[in-house]
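Put together the whole structure using the sequences plus the hints.
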Amino acid sequence: MDHAQQDLAILFADISGSTALYDKLGNEVALHMVTRTLTILTRVALEHHGKLIKTIGDEVMCSFPDAVNAVNAARAMQLEVEHQRPGGAHPIYVRIGLHYGDVLLDHNDAFGDTVNLAARITAITRARQILTSQAVIGELPDRLLKYTRPLHRTAFRGKQESFEVFQVFWEQEDTTSTRIGTQSFRKPALSRNELMLRYETHVCTLGEQRRSAMLGRSEDSDLLILDNLASRQHARIEFNFGKFLLTDHSANGTFVRFSDGQVIELNHQQIVLHGAGAISLGRNFEEAGGDVIEYLVQ
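Heads up: the sequence shown begins at 1 in my numbering, then just goes up one per residue.
Keep in mind that the hints were calculated from the coordinates and are not lab data.
Keep in mind that the hints are not guaranteed to be accurate.
To be verified - Here are the computed lysine-lysine pairs in the DSS-like style, where the Cα-Cα straight-line distance is at most 30 Å:
{"hint": "1", "residue 1": "Lys24", "residue 2": "Lys54"}
{"hint": "2", "residue 1": "Lys146", "residue 2": "Lys24"}
{"hint": "3", "residue 1": "Lys146", "residue 2": "Lys243"}
Here is the structure:
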């Protein structure tokens, strides 16, 4: 049979940390959770005109006729996994990468540079994140572009030029307000365009008027953290496209704990802050104790 070539969007959706699930819960329970998750991912792909190419362990590979359907599917996948909670009391997180371009089709499988780049993008994606390429971004209408932003440039092995990676946002705005400790954190959440940071007696507010803040050990930091594991310019928070983006620039990493207890470690990576939670510079939360930055998006 002759090989067919076609412009397609290729999407990989991978269950993050599935090996730990098997270690913690045992093969039977973990396999049931993984299977439920893959079923959700496949169903969502089909609902957005996608095709399941294959399942590879804890990962699905899908194709879509265009980038718009692929991005809509990726966002819907994250929302469905979060809402359906296929792991029950055990959180399951998915990471998704996608690319668009010429694909070689043969015997219900897909090959070529587009597939390889989609897989490489997925490999650098973190839990609960969607990353994609300029090839996808260039195909999107304004109604979807508003959910994207450039993330960083990276070099993939075998590629001479660096590759621009974009993040696709999928989280719906939290409609509940969460309160933290002090009176300054008790204002009602009306507009979701303000971030309040508190460290010891210091409070820093970001939003339309003040759009960025540097956290670190340098005396000119917007929030000064006098810890020997904190870098001088440890992390930066920026307000862009209605989102508060925390980027780690440090040697020892930045730890973020959300209100549901989920902890994310950043190493020269970026994450969207939402709801309420805590940030620790250079130390995990067990080591930091109560010496952390509290935040509230409102």
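Does the structure keep lysine 146 and lysine 24 at a Cα separation of 30 Å or less? Distance of about 39 Å is beyond 30 Å: violated.
Given the hinted pair lysine 146 and lysine 243, is their Cα-Cα distance within 30 Å? 11 Å, holds
Hey, lysine 24 versus lysine 54, does the alpha-carbon distance stay inside 30 Å? Status holds; Cα separation ~27 Å.
When the structure is compared with the earlier hints, a violation turns up for hint 2 alone.
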